[in-house]
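For this one, chain P is given, so just place chain W on it according to the hints.
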Amino acid sequence: MNPMVKMVLTLAVISAGAAAALSAANQATADKIKAAAEAKAARAVLKIFPDCTAPQRSEVKSPTGEAVVVFRCPQDRVCFSFSSAAASGISRPYSGLVKAMIGIDGKGEIVGMRIIQQTETPGLGNKIVEDKFLDQFKGKSAKSNWKVRKDDPTGVIDGLSGATISSRTVATLAGAALRFYEETLKSGAPAPGAPGVNAPAPGPGCGDAAPAPGDPGVNAPAPGPGCGDAGPVHDNRRPVVNPERFQDRRASFGNARRLLRREMDRRRERARAVGAEQDGRPVRPMTATPEGGQ
Amino acid sequence: MSNMRLFTNGFWRENAAMVLLLGMCPTLAVTTSAFNGMGMGLATLVVLLGSNVLISAIAGLIPKKVRIPSYIVVIATLVTIVDMFMAAYAPDLHASLGLFIPLIVVNCIILGRAEAFASRNGIGASVLDALGMGLGFTTTLFMLGAVREILGNGTVTVFEFKETVVRFLVFSPEAVSPILVMILAPGAFITLGFFIALKNYIDRARSA
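Chains as they are written, first to last, in my numbering: chain P, 1 to 294; chain W, 1001 to 1208.
Hint data in this document are derived by calculation from the structure and do not stem from the laboratory. Even glycine gets a Cβ: it sits at the ideal position worked out from N, Cα and C. Treat the hints loosely; a few may be bogus.
Across the chosen pairs, the derived CB separations fall in these ranges [what the hints assert, rightly or not]:
# : chain 1 : residue 1 : chain 2 : residue 2 : range
1 : P       : R43       : W       : L1135     : 26 to 36 Å
2 : P       : D158      : W       : V1181     : 13 to 23 Å
3 : W       : V1166     : P       : D158      : 47 to 57 Å
4 : P       : K34       : W       : L1169     : 33 to 43 Å
5 : P       : A21       : W       : R1120     : 21 to 31 Å
Chain P with its partners taken away, still in its complex shape (with noise of 0.2 Å):
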């Protein structure tokens, strides 16, 4: 046979058996898939409300057109998927998609969350799984102030590492997360479409834009708690800088400088004292008048 044609032959058939191959095992697992990923929120559901072994399943779109599985349990507590993709606002995280199931009572607090899907980097990230993270967000509210700490002292969340990426998409996710609670999904809420739903519900104290008296320990004009939808979004490539923690890293700069010129005065005046030359060679002037005019 034509070796051109062998070749072409080999890599047709073996591509082909591939091809066979994927799809039977695509048919075979794809049903168990899907399963197995309704399991696993089921189990959230279960894991946030134990009690709650029936609940009633339905799917709504969150504001971005993302589904939104929701599990109502008795009682008026609600437990619902949310993605970081599924609300504008909402900063990015590490890499791929970060979910959770969050469950909330009837007055609208945080009573436990699940990471149900991520990414994050295995060791750092990661650990937005762990319950020592995510016992934090218990009782919190739509009113909580919904940052990382990091990022300012006011914020309900304490970060993981030092860039707090993921954690930041994880709190800011909850705020997102409750806001579309209080707007779509709480008993009571005006139905999708109504007028007014789209408007974000003040929260008190969003009205006025002055820092709250007596409140000097943040520089940032930080919103009031509730003011979520005001705040800035979170761009993860440029971290929010504190601007306190600015003007002391120029400080210290600055004592620097003042240091280093000292020092080099010192030198200059050893040098004199020693002499014009200092292992056999002419010491250079470190100033920048040429005094010796070598």
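Relative to chain P, chain W alone:
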């Protein structure tokens, strides 16, 4: 080569991570904890076993010039099928290892062994080679992950599945500040460098 020698060749003499320096991407990226290293190593072992068997079986039929694309197609298919079945039947394991599975396709160890060993040897020898290489890789990754996790986080995670976590606290992060850089990429290079030095030292001491 005797069967034992086939196995130890992959496990120690030509250890993929420390001697051949193949598969550096998973070696460096995934070993942020002992369990992650072990999981990646075991997943690689399974795929390596499958690809070595398949390729030693079909190698005679493939023209030399198209062998590499053929091997890659076989390996990628194998990895995807493993990934799908894992997602369907072991979703929790898939959730903790899922990120690493697609990475195995581009792992040079698999293609390297297919090209250098499986295509020239019988199925039995290829299985032994895959076991030696795979277990050597797994052990190295586990130890690499353990050292990095101890220095960078103060813990050793041996097992993590569903709600069961076996984790030992070596020192409390509150008492001694961990070296965060050991969890990050530079820490992987530093640790691997020391591992290679140690292996060379042992080899030299044994031959002297």
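Going down the list of hints, with the structure as the test:
Our hint of 26 to 36 Å for P/R43 and W/L1135 holds, since their Cβ atoms are close to 34 Å apart. The beta-carbon spacing between P/D158 and W/V1181, approximately 21 Å, falls within the hinted interval of 13 to 23 Å. Checking the proposed 47 to 57 Å range against W/V1166 and P/D158 shows it is violated: the Cβ atoms sit about 26 Å from each other. A hinted range of 33 to 43 Å holds for the C-beta pair P/K34 and W/L1169, which are about 39 Å apart.
In this structure the hint that P/A21 and W/R1120 lie 21 to 31 Å apart at CB holds, the actual value being about 25 Å.
Figure legend: structure checked against the earlier numbered hints; the only hint not met is number 3.
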